[in-house]
Amino acid sequence: MKYYTYFPGCSCSSEGGARAYGGSMRAIAKVLGLELKELDDWSCCGSTPSGSVDELGAFCLAARDLALAEKTGLDMVTPCSACYVIFNRTNSYLKQYPRLKAKVDEALAAGDLKYDGLIKVRHALDIITTDIGYDAIRAKVTKPLAGLKVAPYYGCQVVRPGFGFDHPENPQSLDKLIASLGGEPTRFPLKTHCCGGSLIISEEALALDLTRKLLESATSNGAECLVTVCPLCQTNLDAYQNRVNQKFKTSYKLPVLFFTQLMGIAFGIGEKELGIKNSIVSAEKVLLKYR
Amino acid sequence: MVTETGNKGFIDEVGALPGGEGIKICIQCGTCTASCPNADRMEHTPSELIAMARAGMKQEVLSSNAMWYCLSCYMCTVRCPRGVKFTDLMHALEYLSIREGLVHAKTLTPTMYRLFNHYCSMGNLSELWFMLRFYLQTNPLRSWRMIPVAFNMLRRHRISIKSRKLTRAGSRQLKAILDKAESPGGAE
Amino acid sequence: MEPKIGVYICHCGSNIAGVVDCTKVAEYARSLTSVAVARDYKYMCSDPGQNLIKEDIKSLGLNRVVVASCSPRMHEPTFRRVCQEAGLNQYLFEMANVREQCSWVHTDKAQATEKAKALVNAAVRRVYYQEPLETKEVEVNPATLVIGGGVAGIQAALEIAGAGHKVYLLEKDASIGGHMAQFDKTFPTLDCAACILTPKMTSVGQNKHIELMAYSELVELSGYIGNFKAKIKKKARYIDTVRCTGCGRCSELCPTSVPNEFDCGLGKRKAIYIPSPYAVPNKAIIDAKNCRHLKGLAEGKDACRLCEKGIEKKGQPGCEAGAIDFSQKDEITEIEIGNIIVATGFQQFDPTTIYQLGYGRLDNVITGLEFERLTNASGPTSGKVTLKDGSEPKNIAILHCIGSRDTNYHKYCSRVCCMYSLKFAHLLREKLPEAAVYQLYIDMRCAGSGYEEFYERLQEEGVNFIRGKGGEVTDIAEKPEEKGKLVVLVEDTLVRRKRRLAVDMVVLSCALEPRADTEQLARILTLSRKADGFLLEKHPKLDPVATTTDGVYIAGCCQSPKDIPDTVAQASAAAARVLALISKGKVEIEGAIAYIDEEHCAGCKICIDLCPYKAISYDEAKKVSRVNEALCKGCGTCVAACPSGAIKGRHFTSEEIMAEIEGALA
Chain C
1 MKYYTYFPGC
11 SCSSEGGARA
21 YGGSMRAIAK
31 VLGLELKELD
41 DWSCCGSTPS
51 GSVDELGAFC
61 LAARDLALAE
71 KTGLDMVTPC
81 SACYVIFNRT
91 NSYLKQYPRL
101 KAKVDEALAA
111 GDLKYDGLIK
121 VRHALDIITT
131 DIGYDAIRAK
141 VTKPLAGLKV
151 APYYGCQVVR
161 PGFGFDHPEN
171 PQSLDKLIAS
181 LGGEPTRFPL
191 KTHCCGGSLI
201 ISEEALALDL
211 TRKLLESATS
221 NGAECLVTVC
231 PLCQTNLDAY
241 QNRVNQKFKT
251 SYKLPVLFFT
261 QLMGIAFGIG
271 EKELGIKNSI
281 VSAEKVLLKY
291 R
Chain G
1001 MVTETGNKGF
1011 IDEVGALPGG
1021 EGIKICIQCG
1031 TCTASCPNAD
1041 RMEHTPSELI
1051 AMARAGMKQE
1061 VLSSNAMWYC
1071 LSCYMCTVRC
1081 PRGVKFTDLM
1091 HALEYLSIRE
1101 GLVHAKTLTP
1111 TMYRLFNHYC
1121 SMGNLSELWF
1131 MLRFYLQTNP
1141 LRSWRMIPVA
1151 FNMLRRHRIS
1161 IKSRKLTRAG
1171 SRQLKAILDK
1181 AESPGGAE
Chain L
2001 MEPKIGVYIC
2011 HCGSNIAGVV
2021 DCTKVAEYAR
2031 SLTSVAVARD
2041 YKYMCSDPGQ
2051 NLIKEDIKSL
2061 GLNRVVVASC
2071 SPRMHEPTFR
2081 RVCQEAGLNQ
2091 YLFEMANVRE
2101 QCSWVHTDKA
2111 QATEKAKALV
2121 NAAVRRVYYQ
2131 EPLETKEVEV
2141 NPATLVIGGG
2151 VAGIQAALEI
2161 AGAGHKVYLL
2171 EKDASIGGHM
2181 AQFDKTFPTL
2191 DCAACILTPK
2201 MTSVGQNKHI
2211 ELMAYSELVE
2221 LSGYIGNFKA
2231 KIKKKARYID
2241 TVRCTGCGRC
2251 SELCPTSVPN
2261 EFDCGLGKRK
2271 AIYIPSPYAV
2281 PNKAIIDAKN
2291 CRHLKGLAEG
2301 KDACRLCEKG
2311 IEKKGQPGCE
2321 AGAIDFSQKD
2331 EITEIEIGNI
2341 IVATGFQQFD
2351 PTTIYQLGYG
2361 RLDNVITGLE
2371 FERLTNASGP
2381 TSGKVTLKDG
2391 SEPKNIAILH
2401 CIGSRDTNYH
2411 KYCSRVCCMY
2421 SLKFAHLLRE
2431 KLPEAAVYQL
2441 YIDMRCAGSG
2451 YEEFYERLQE
2461 EGVNFIRGKG
2471 GEVTDIAEKP
2481 EEKGKLVVLV
2491 EDTLVRRKRR
2501 LAVDMVVLSC
2511 ALEPRADTEQ
2521 LARILTLSRK
2531 ADGFLLEKHP
2541 KLDPVATTTD
2551 GVYIAGCCQS
2561 PKDIPDTVAQ
2571 ASAAAARVLA
2581 LISKGKVEIE
2591 GAIAYIDEEH
2601 CAGCKICIDL
2611 CPYKAISYDE
2621 AKKVSRVNEA
2631 LCKGCGTCVA
2641 ACPSGAIKGR
2651 HFTSEEIMAE
2661 IEGALA
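Residue numbers (this note's numbering), protein chains in the order written: chain C, 1 to 291; chain G, 1001 to 1188; chain L, 2001 to 2666.
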């Protein structure tokens, strides 16, 4: 049994847009022996935009969660790439910039909290591939993916700016994970390139262009399906795939799943629990093989 | 032509923010621009922003649209040979731009970020309410184009009308922390 | 005689006085027991400063001197000489380091002053117990060991041999020449590297004073300046070099082909081969890892041996000189030398770790050394610049600063890459006049005689200079004209635009980095390395070829990246230092060494094995141990270990040390 504090983040919570990610994460955690205790009364980490609007406030948002997590004494795990980067950045900046730390400490004290920098925050992909390991994962597979061609999409933030989890330009953990499930990780040169992120909302045309490049690269290398580790990436690639087709007159029909959903399929967990139907682009064709 | 007698002000302002200190050690090699997916859309390339800042062109830098096209993909930060934390420097410029009221009006990103931050500060971001408010506020006549996307998402249970809330005590605690954060003024 | 101590506090300009209140320290010193005079002065090491001491010794009859100033490494010899000149034994002098250990590392003035007082007190208490000692003079062995047979080692060896002294030239590879032998033309004169180097290499081979030890390595070193003993491992070549004529027939017969290191893996060689067309010594060598016979021996097989036997039915005889000797083993020899010059050079940075540049992943992305071999007439393509498929490139991009000026790899600038990149551009314009050449730089560093003029020449030759560092090399096309090409992403910072260059070949101008075996070599020679990994010189400005290990000098790129003119200059400088010592003939040995009180020695022999310099021997007749005063370095290991306290360290007696500690803590 491995114990962690669990931080779903707004998107992966049961009310969020990526609730399938959170749901499938919990489902596979049970199989893998990961005890995930959700952080009590957690608040939004602030994500990327907050730091640009209210820099100190953003650090305080993250620090509150870190302070609450420190009380449990366990390392914290999150499936969301943005939360992962924000928490790690906050941790390293509090160590590096003493003036910032002083101000954050003062603000935390106003909420009767304090943070001593003792919590490590890790990404779900990290604990699954590092702490559990590929051999243990392979052992739990009941419905091997039988060579399903899967494009491993890391997105930008889980491997950058580089908190030591995987290689920032050529990571391999997700590729190896797919292989251990019996799938075939396809060649995907743009696997760490940005999907457009939150700019899909304010600069849709630009973000769609980036999303299209990813879909093109994945499909042209033979991928039957794409897995991602970030809720926003999944939204852009899945919910906006139709918009890409409309704008560029393409006809992509690439199912985009969370890596935890793929793991769940291979472990024989029910589709409802994994939230497969939450995807906009249907994954029916892919799943037909494994029913 | 104005004779200069030295203007360190803007560089120090940026340098005081976390991640902003890199502005002094940049060697203008352009690796950041070469690695940036959106460099072509920016009025000024990333490295140009630093050069302009060093030349004291505060107005031009803070009112440019460049940093608002930053995706925070961190490719620049990873590759910079001087170790400049460029993404954080971009965030610092965005923050200063808002603070000084010099936001470039021709992109919706600042508005989106401000709205985003507003919801985060309440403790939980509800995608539905955030998106609704953004589209109605910025694009009321054209937000009908988003209806198919929104419909699909609702149909597939990707967005809820009900949003997660903190406990009362939690909300109060968060508000106390953020209120206190406002007084010392900035992350410098 | 009662000790009469003179104490001198140096201001060192503002180096010390800026933090420590020297006047107060002098005042304090005046109050100490046995201190006859205490002064503070701006620059104690200057002539007037030195004279202060001399005058006081004469007029006040001082018999102990303490100077509180910089590190003893800096000026202990200076002040010791001053005392000696004034008629006072130099060992009656002690230094208190109030600069490197006080004013330079503290900012609180009050506390620093208190610390300085404590340091002075310690020195004063200690000097009270110091005794006069005599130094010894030993002969200097006029033979020299030069480690490394590149242009630096060759130059140094020829200089010393030219003065008529013996040189052992040690080279790790099978032939001397180093990296310079791999180059094509050299900047800025475009001299052919081999043409200017091979005459020197041949001279080395023929010089009767130079004993060339190729394919050999240093394994152990003992001794001290003027009297070193080195253990050399002569690796097995499996060739009798006396018999081998370098005819190359064995190579023609050998059935095994492997990538050639001299050509950076771009060409092939056989398992038995002559290292290069201009190898010195011009003898064959067998690569045991790939030789079928030698590999077979491990399994008890007697395979191949075509080089020896020849191919009868084709009428091709084997080695007629009978030089092949598969039974050869590594040999260890010992040599005695007086001085050592380290000239081990550099290695090229491996850009495989820079994933986004595609080296090792994408075809036709090559390093600087690989390019040298392509353009070199003696290289794998006989001097034609071709792509992997043999066709000629239509456009080439040269990327500066790969692995250099980069906090992710090496922070330093490798100094020569701008110049060699310009040279590459020139060679490309010459050989492929129709091809477009792009040169991507951050700064153009052309500081040298004729260097800036070379840059101007290249501009005239029509090279496309783009001021921007190559950020990424990709094969993913975004436009039809990019299909099948390498695309280089760069910001043209002078026009502030991101550019995509579609080229056929990318040349990476890689950094020069310290060799991987530098750590091991430094350990054997007791040398230090700098933070960047290169060997540490004694002083970066005033003594760039000496090291803190007396008698060991460094020259060339092992000290820091540099071009050929500077390498040759350093090699000559190191040779001059060695020749100076040889001409002096003698060297002074420290008087602060160990001695054994034979009455108290129990003959337990514990000290003998502990001595790192093998300076203690056992007298069977008297059943006591004895210290060889010439070899002893005064490290104190035996002194600490002796169970009966029979060994004492001169100038470091228990009395002196305890007094110093008490003084510091008072």
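Be aware that a few hints might be false.
What the hints assert, rightly or not - Using 25 Å as the maximum straight-line C-alpha spacing, the simulated BS3-like pairs for lysine-lysine come out as follows:
#, chain 1, residue 1, chain 2, residue 2
1, G, 1180, C, 37
2, L, 2024, C, 247
3, L, 2479, C, 213
4, G, 1175, G, 1162
5, G, 1162, C, 95
6, C, 71, G, 1106
7, G, 1162, C, 101
8, L, 2309, L, 2172
9, C, 247, G, 1106
10, L, 2136, L, 2485
11, C, 272, G, 1106
12, C, 213, L, 2483
13, L, 2541, L, 2042
14, G, 1106, C, 114
15, G, 1024, L, 2109
16, L, 2586, L, 2562
17, G, 1024, C, 71
18, L, 2411, L, 2394
19, C, 272, C, 213
20, G, 1165, C, 37
21, C, 140, C, 95
22, L, 2485, C, 213
23, G, 1106, C, 101
24, C, 37, C, 143
25, L, 2166, L, 2109
26, C, 249, L, 2479
27, G, 1175, C, 277
28, L, 2648, C, 249
29, G, 1180, C, 101
30, G, 1165, C, 71
31, C, 71, C, 95
32, L, 2309, L, 2229
33, L, 2136, L, 2109
34, L, 2024, L, 2042
35, C, 95, G, 1024
36, C, 253, L, 2479
37, G, 1024, C, 114
38, L, 2024, L, 2136
39, C, 253, C, 140
40, G, 1165, C, 114
By construction, these hints were calculated from the structure, which means they are not laboratory data. Computed from a predicted model, the values in this text were never measured in an experiment.
Results for each hint:
1. G/1180 with C/37: 30 Å, violated
2. L/2024 with C/247: Roughly 82 Å separates the two Cα atoms, so the pair is violated.
3. L/2479 with C/213: At roughly 13 Å apart (the allowed maximum being 25 Å), residue 213 of chain C and residue 2479 of chain L satisfy the hint.
4. G/1175 with G/1162: 22 Å, holds
5. G/1162 with C/95: 38 Å, violated
6. C/71 with G/1106: 45 Å, violated
7. G/1162 with C/101: Violated - the C-alpha atoms of residue 101 of chain C and residue 1162 of chain G are around 36 Å apart, more than 25 Å.
8. L/2309 with L/2172: 29 Å, violated
9. C/247 with G/1106: 22 Å, holds
10. L/2136 with L/2485: With Cα atoms ~72 Å apart, residue 2136 of chain L and residue 2485 of chain L exceed 25 Å; violated.
11. C/272 with G/1106: Distance of about 44 Å is beyond 25 Å: violated.
12. C/213 with L/2483: Distance of about 16 Å is within 25 Å: holds.
13. L/2541 with L/2042: 23 Å, holds
14. G/1106 with C/114: 41 Å, violated
15. G/1024 with L/2109: Measuring from Cα to Cα gives roughly 31 Å; hence the hint is violated.
16. L/2586 with L/2562: 33 Å, violated
17. G/1024 with C/71: Given pair residue 1024 of chain G, residue 71 of chain C is violated - Cα atoms ~39 Å apart, limit 25 Å.
18. L/2411 with L/2394: Measuring from Cα to Cα gives roughly 34 Å; hence the hint is violated.
19. C/272 with C/213: With a Cα-Cα distance of about 31 Å, the restraint between residue 272 of chain C and residue 213 of chain C is violated, given a limit of 25 Å.
20. G/1165 with C/37: Cα-Cα ~18 Å, so holds.
21. C/140 with C/95: Not OK: residue 140 of chain C and residue 95 of chain C at ~40 Å, beyond 25 Å, violated.
22. L/2485 with C/213: 19 Å, holds
23. G/1106 with C/101: 36 Å, violated
24. C/37 with C/143: 28 Å, violated
25. L/2166 with L/2109: 56 Å, violated
26. C/249 with L/2479: 18 Å, holds
27. G/1175 with C/277: 37 Å, violated
28. L/2648 with C/249: 92 Å, violated
29. G/1180 with C/101: 14 Å, holds
30. G/1165 with C/71: 22 Å, holds
31. C/71 with C/95: OK: residue 71 of chain C and residue 95 of chain C at ~19 Å, within 25 Å.
32. L/2309 with L/2229: Answer violated: residue 2309 of chain L to residue 2229 of chain L is near 42 Å, above 25 Å.
33. L/2136 with L/2109: Not satisfied, since the Cα-Cα distance of roughly 43 Å exceeds 25 Å.
34. L/2024 with L/2042: 14 Å, holds
35. C/95 with G/1024: Within the cut-off at roughly 21 Å; holds.
36. C/253 with L/2479: Within the cut-off at roughly 24 Å; holds.
37. G/1024 with C/114: 33 Å, violated
38. L/2024 with L/2136: 40 Å, violated
39. C/253 with C/140: 30 Å, violated
40. G/1165 with C/114: Measuring from Cα to Cα gives roughly 23 Å; hence the hint holds.
Comparing the model with each numbered hint stated earlier shows that hints 1, 2, 5, 6, 7, 8, 10, 11, 14, 15, 16, 17, 18, 19, 21, 23, 24, 25, 27, 28, 32, 33, 37, 38 and 39 do not hold.
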